[in-house]
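**Student:** Since chain A is already given, all that's left is putting chain B on it; use the hints.
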Amino acid sequence: MKERLLELKEEALRKVEEAEDTKSLQDIRVSYLGKKGPITEMLRGMGKLSAEERPVIGQLANDVREEIANALDAKMKKLEDIALERRMAEETIDVTLPGRPVEVGGPHLLTSILEEIEDLFIGMGFEIKEGPEVETDYYNFEALNLPKGHPARDMQDSFYITEELLLRTHTSPVQARTMGAKDGSEPVKMICPGKVYRRDTDDATHSHQFTQVEGLLVDENVRMSDLKGVLNKFAKQMFGSDREIRLRPSFFPFTEPSVEMDISCKMCNGAGCSVCKGTGWIEILGAGMVHPNVLRMAGYDPETYSGFAFGMGPERIAMLKYGIDDIRHFYTNDIRFLKQYHKV
Amino acid sequence: MLVSLNWLKQYVDISDHEPNELAELITKTGIEVESVASIAENITGVVVGFVEACSPHPNADKLSVCQVNTGQETYQIVCGAPNIASGQKVAVALPDTTLPGNFKIKQTELRGVTSNGMICSLQELGVAEKDVPKAFVDGIFVFPDDVETGANACKLLNLDDVILELGLTPNRSDCLSMIGVAYEVAAILDQDFKPEAPRVSTKEESAADRIQVQVEDPEANPYYGAFVIDNINVAPSPLWMRNRLTAAGIRPINNVVDITNYVLLEYGQPLHAFDYDRFGSKEVVVLRAQDQETITTLDGQERTLNADHLLITNGKEPMALAGVMGGADTEVQEDTTTILLESAYFAPSIVRQSSKDHGLRSESSIRFEKGVDPNRVKQAGMKACELLQTYAGGQVIDGAAEFDHLDRSERTVQVELTHVNNRLGTHLQEDEIEHILRRLQFQFEKDGDLYTVSVPTRRGDIELFEDMLEEFARLHGYDQLPYTLPGGAAQAGGLTLYQQLKRNVKTYFEGAGLDETITYSLTTESRSDQLVSPDVRARGDHPVRLSMPMSEEHSHLRLSMLPEMLASLTYNVARKQHDLAYFELGSVFINDEATLSKQPYEQLRAAGAITGKWNSHDWQQENKPVDFFVVKGIIEGLEDLLDITLNYEQAKLPDMHPGRTAVISYKNETIGFVGQIHPNLQAELDLKETFVFDLNAEALIANYEKEETFQTIPRYPSVSRDIALVVDESAAASHIAATIFATGRPLIRDVRVFDVYQGEHLPEGKKSLAFNLLYLDPNRTLKDKEVEEAHQRILEAVKGEHQAELRS
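Chains as they are written, first to last, in our numbering: chain A, 1142 to 1485; chain B, 581 to 1388.
Chain A on its own, in the form it takes in the complex:
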């Protein structure tokens, strides 16, 4: 019997070895290890054996069964692996083909610039204030030390709707409104971004609609050196820490003293080139100490309170920063322009 068992083992193992698919393995399992298989049959006939032989043969039969089962499992695993490899080989794709696009839009360049300026001043403790684009003559001019008949408010420069209403020519009326709402005692620290309008024929450097950001700080003991310090911080963060600033005298009806701020030209580092017209400096913004008349009209006592104000044009800043040659690009909404500025 022992020989017969070993024979069966050899036979089964050989068949397992030869099997090429899982079906054959199933058949082998049934035929050798099943209830009607030869090993089971032999075990049933063990009653004829002696008491010494019985446990030995029983043990051997179990060992043989286990060995065949293990071989079957191993072979089964091997065949499955092969099948998986084959399937995966069939599933191979060209990973160099383009992916399914995720279309993401982006902000307008002016929005990006505006938000950059806003965030920069928020970091210095400024609030953001907004106001109407159709303004009263009072807030657009009178409250800013530009009384009726003042030469600087020539009708030619503004879009009037009625005698008393016009499209604001700057965002300064928001300053006047904000100060006016404060009762002449609280400090003001704000910037006001927004759209403004002037009677200009649209060309490469003029636009009847453009954007402005103006800033205002009113408090007790505000010094002109504070203006210089704040503008310097702004310029370095906006244009690079290696930029220098300079202030030079200018004139605005709502500030006194008034200055214009230049930054050293990035192209030539101040040596003089075509971008800065040989001067080494590029004009960025206008600023000054708030005119006492403006403070007074808003209810602040110019003896106690002082302040500074500044104003800049995001279009100009964007044009300088990116080398854009025509202001009309900002309003044509050519997709080939817009898409250029969607990258972070």
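Quick caveat, the hints were computed from the structure, so don't treat them as lab data. No residue lacks a Cβ here, since even glycine has one placed at the ideal position from N, Cα and C. Errors might be hidden in some of the hints.
[Said to hold, decoys possible] Lysine to aspartate or glutamate pairs mimicking EDC-like chemistry, simulated, CA-CA at most 20 angstroms apart:
id, chain 1, residue 1, chain 2, residue 2
1, B, K1178, A, E1271
2, A, K1480, B, E1090
3, B, K936, A, D1298
4, A, K1418, B, E745
5, A, K1418, B, E604
[Unchecked claim] Which residues of chain B face chain A? A partial, calculated answer using Cβ under 10 angstroms:
id, residue
6, T607
7, G1005
8, F1022
9, E1025
10, N1084
11, T1087
12, G1093
13, L1126
14, K1178
15, H1197
[Unchecked claim] If you want the footprint, here are the derived chain B segments under chain A, 3+ residues with CB under 8 angstroms:
id, stretch
16, 742-753
17, 1060-1066
18, 1071-1078
**Tutor:** Same frame as chain A, but now just chain B:
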């Protein structure tokens, strides 16, 4: 203002400074120098030549052959100028000279005659044609006889000069004169400067015997001085004077006109010379014009006047428009022998009005408009007398006939040193302040810390302490100002919730695949009234019109951003950019009045427009054009972002597709619309199917409530059931879903459409809607029986309300 450095040198020593360096100093301290330009750079080899002989060219009608002596040698030169003649002194460019424009002079042969150089016109030497005296425009320039043969012609013509162009701000009109510029530059360079007083010797006769002055409006004309000069010989003015006028951009004409212009430039005081014999009376009467009165001015134009305009008359007829332009009748001519010279102070406002009404902005009116220096008016008249005496043979009658109500007093401004330092953030000492005042030549009195500064009348811009502050700041130097940061109570800067949400909404749209645009707020009349959302129209549908638009393109304020956005789609499509998805956040201007009496209501709205392909993935053959549900999906995403629920109802709106448009409402108020634009409008705009939306963003953002809560994550499973219902094809899916939701509460959590079918196996006029329903009880596991009951209730309800049958 154009400033000749050769001229400026006569007042201030600028020899230590290169022109560019000087310009930089002036820019940093006072006035922006907009350009630094040489008249003609570095020409050498142009000399004065004496034309000894001049004969016609043997082979050419228009050429002459000249023998020109340059001091050492005589050269034969062929010249084509019509005004060449023997005996003239001319500018000769000898061979090897390079003229402006890189024009090299060589010995050459012209029609068989050798020519050793060129006789030059002023234009050839680099002078702008507009500055060339009329007599020399079409030919060569001829020097006065007294110049030396062989001398450097460029130097004589002032071509070695450098011109600074000052960009004057409105407050610095004091620098509209060379004397003013000299004061400024002297202050910058810390030098002394005092203009010389005019020296006139006069005839015994008194001007008052020859002319009377009467002013009827002293406010408009507080000073009028009339000088009389006899024995005038009208001729070209001296070369140096012509050069200075040319350098300042004024064309020389004759000695009388040139002298008045020269004094205008030097003193900043406009003068006017009348022909005394043509004046028609012996009295000057200054008065306001009568309505419809006319005058013919020097330029030959007849001008109609009114009481806003001030006139110089001879008592009967108008002779000049005060401060703006003289009359044609009394113009100085070749035969003029006696001059009536006016030096006056006209009020800025009256000159501004005249100049504006008649469209005449002259060198004179510009200066009067800004206010001339009261203390220099008469001085300037006397300076002109001196020059007329010297250069036009004039005999000046003693004194001036005057009307004089002019305030010449100096303003005083109080300046406290600590106040200056407090405002500037500086630590200026007394000696520094006083030094600056001395540089400015401002007199002052000192009382402890307090300075009382007398401001010279030439600086009309200085009235307040703050104006003096500017003088101290700029002369101390803005470079010297320290960098400080504001003190005061710290304020936490930041965006308001509204501002933050505005940014969030923009970012959402961008993430959803839309590009932000910025369009013009001003549009055409027809566009201002197109695609206006019903909620805007209900609030006021009178587009705001500008009173004087520059063009019809930008004449009205928008009620919707869509028309301009669609125009930009058309612009892009015309440039072969077909797939576009745009949005914009901006104001529309709502007005309910036929005539505007108050500011229109500015409402923040969000609009979008999409055209062309939405999904495209070429190699997988996916190419879907945008459809209604793409745009609606984007708005639904916004609902999620803001945690709101909007309601959509089929609607018919002008210019919109009648079957593919929905009006959107929020809390039962209309807030916008979404849909396809009308095929006719698409065709008109050359667009394929285009879908748009327009929402009242302000209402959505302003009503936002941030809920700071936490909802427990459900621990019990939900139960999902599907039902397919057969309904009329016109039935609205959202209405059926609403019924399901209302009936299934509180167990039902979500209702979702997952299939819509129409066609085979369904009766005509019917469609099938398949819904997925989600049931959940957060506190326990649902029993099948409970769900079944709810499901049955739902089926009954939809049958009752929508005649919906369960699809078998």
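**Student:** Hint by hint, say whether it matches the structure.
**Tutor:** Outcome of the hint check:
Annotation: proposed proximity of B/K1178 to A/E1271 holds, straight-line Cα distance about 19 angstroms (limit 20 angstroms). Using a Cα cut-off of 20 angstroms, the hinted pair A/K1480 and B/E1090 holds, with the two alpha carbons roughly 12 angstroms apart. Straight-line distance between C-alpha atoms of B/K936 and A/D1298 comes to about 14 angstroms, which keeps the hinted pair within the 20 angstroms bound. In summary, the hint linking A/K1418 to B/E745 is supported, as the alpha carbons are separated by about 14 angstroms, within the 20 angstroms threshold.
Restraint check for A/K1418 and B/E604: satisfied, since their Cα atoms lie roughly 13 angstroms apart, inside the 20 angstroms limit. Annotation: interface hint on B/T607 holds; nearest CB of chain A at approximately 6 angstroms, less than 10 angstroms. Here the hint on B/G1005 is kept, as its CB sits about 3 angstroms from the closest CB of chain A, short of 10 angstroms. For B/F1022, the shortest C-beta to C-beta distance to chain A is roughly 16 angstroms, which exceeds 10 angstroms, and the interface hint is violated.
For B/E1025, the interface hint is violated, since its Cβ never comes within 10 angstroms of a Cβ in chain A; the closest pair sits about 22 angstroms apart. Look at B/N1084: its Cβ only gets to about 12 angstroms from chain A, farther than 10 angstroms, so that hint breaks. Interface restraint check for B/T1087: the shortest CB-CB distance to chain A comes to about 8 angstroms, inside 10 angstroms, so the restraint holds. The interface hint given for B/G1093 is met, as the beta carbon of that residue sits about 4 angstroms from the closest beta carbon of chain A, less than 10 angstroms.
At its closest, the beta carbon of B/L1126 sits 5 angstroms from a beta carbon of chain A; the interface hint therefore holds under the 10 angstroms criterion. Because the closest C-beta pair between B/K1178 and chain A is about 8 angstroms apart, less than 10 angstroms, the hint holds. Given hint, B/H1197 at the interface with chain A, holds; its Cβ is 5 angstroms from that chain's nearest Cβ, closer than 10 angstroms. Beta-carbon proximity to chain A at under 8 angstroms applies to 4 residues in the stretch 742-753 of chain B; the threshold of 3 is reached and the given coverage holds.
Coverage of the stretch 1060-1066 of chain B by chain A holds [criterion: at least 3 residues with CB-CB distance below 8 angstroms; count 6]. Counting residues of the stretch 1071-1078 of chain B whose beta carbon lies closer than 8 angstroms to any beta carbon of chain A gives 6, which reaches the threshold of three, so the coverage claim holds.
Of the numbered hints listed earlier, those contradicted by the structure are 8, 9 and 10.
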